[in-house]
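A.B. asks: Here's the letter readout for the chains.
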Amino acid sequence: MSMAPTGPLYLLRHGETIWNRAKRLQGHKDTPLTLRGVQQAEAMGKALARELDGMTPALFFASPLGRTRQTAAIIADSIGHDPETIVFDDRLKEVTFGIWDGLNIEQLRADHSETWQRRLDDKWRFVPPGGESYMQVADRVGDFLTYLPAQRPLVVVAHGAHNRVFRGLWRGLEPAEFLALDEPQDGFYRLNPVGFEDFIQA
Amino acid sequence: MIYLIRHGETTWNRIGRLQGQADSPLTLHGTRQAEAIGRALQPLVDGNYFQFWASPLARTRQTAAIICDVIEHDYEAITFDDRLMEITLGARDGYAGWRELARDFPDEAEIRRKDPWNFRHPKGESSQMVQDRVRPLFEHWKNLGGTHVVVSHGVAIKILRGLQLNLNEQETFALDRPQEAFHRLCDNRVEIIEVKLP
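Residue numbers (the working numbering), protein chains in the order written: chain H, 1 to 202; chain P, 1 to 198.
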């Protein structure tokens with residue numbers, strides 16, 4: 001018999017990166033955090049330390065991409081958690097836009113207006129060339145959630161689009177609602193229990 | 001004028017784990033070191049034209065991005081050059097520490113002790129090999145003149161300072177690798193600029 005987990009899961013996004021600022025899609029490509037981004041990571045770390053109030057996370061997960069590794073290290077230091085024990089999980093990686101990874105969003109819209117329109121027509125199922133649809137990402141995030149350990153509290157450091165899918169599945173939303181969620185970098189979500197979330201401002 | 005800056009403290013630096021060309025991210029402390037270096041560098045390069053060079057490893061990219069924001073330089077204008085990467089320990093990159101390495105591979109440790117400059121870990125580089133790859137870049141900066149800001153690594157920077165001062169192998173090997181200071185190569189001198197953390 002397993003007990004229903006009590007205690008929260010904290011879901012954080014990495015701080016602002018060079019390409020976030022330049023409005024370029026990152027996907028599975030990567031750039032480091034800006035000065036503002038490291039300040040956001042530190043502020044989120046401090047807010048998480050207040051939330052945990054002396055507790056230590058049972059498990060700390062992060063996406064293995066560079067920007068989440070960098071953010072996770074700052075958060076771990078801020079809450080006194082050993083960064084060597086962070087568990088990197090590929091299912092937490094950002095949505096990849098395939099050959100569009102690294103492109104400026106406005107440029108993409110201008111150069112590939114037809115494909116872009118097809119994306120807007122069905123964002124959930126649309127697969128960018130060489131990339132993933134949100135629906136495919138929901139499969140791997142769903143897999144992560146299905147096998148989520150029962151210990152709490154948990155900390156997860158991942159990505160903007162990824163975290164929308166994560167929160168959507170957690171709350172049992174419809175696909176259209178997933179896509180309308182926000183992607184803050186100045187705070188994070190406390191998910192507890194299944195179906196509910198609260199925003200924690202950093 | 002050449003400014004040589006080592007990346008800030010990483011999670012592996014803190015626990016003594018060997019990085020080489022493997023990588024770990026900056027700690028919170030390392031992030032603050034990078035920002036402090038940027039603040040100290042800012043008045044030195046303010047209003048001057050300079051070129052920004054960096055090693056493409058993650059810890060130097062992270063350090064360079066923070067410095068760029070502080071000195072208001074475009075990160076996208078950095079030239080990432082593989083020759084500025086850290087010495088690789090090959091098969092031993094990421095090893096737990098020097099003590100563990102000596103314990104597990106005593107024969108290699110003995111060879112290294114006798115001739116540290118030319119020693120290579122399996123599939124790794126010697127200090128001589130690193131000097132051979134950074135020398136052309138060093139000479140390129142000297143020929144170009146002007147100001148160059150360089151973000152690189154402990155061993156690579158020691159070797160660049162050794163070239164500047166015409167040091168021999170032992171003297172170069174004995175140099176330090178500070179993270180709360182950086183070096184300025186000017187004429188035939190090397191100056192150290194200490195930074196204060198807030």
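Mixed in with the good hints there might be a few duds.
Stated by the list, open to error - The calculated EDC-like cross-link candidates involving lysine to aspartate or glutamate, where the alpha carbons are at most 16 Å apart (straight line), are:
id: 1; chain 1: H; residue 1: Lys23; chain 2: P; residue 2: Asp187
id: 2; chain 1: H; residue 1: Lys29; chain 2: P; residue 2: Glu76
id: 3; chain 1: H; residue 1: Lys29; chain 2: H; residue 2: Asp90
id: 4; chain 1: H; residue 1: Lys29; chain 2: H; residue 2: Glu16
id: 5; chain 1: H; residue 1: Lys46; chain 2: H; residue 2: Asp139
id: 6; chain 1: H; residue 1: Lys93; chain 2: H; residue 2: Glu51
id: 7; chain 1: H; residue 1: Lys23; chain 2: P; residue 2: Asp74
id: 8; chain 1: P; residue 1: Lys142; chain 2: P; residue 2: Glu76
id: 9; chain 1: H; residue 1: Lys123; chain 2: H; residue 2: Glu177
For the record, the hints were derived by calculation from the structure and aren't laboratory data.
A.B. asks: Could you check the structure against the hints above and give me the numbers of any it violates, in ascending order?
C.D. replies: 1, 5, 6 and 8
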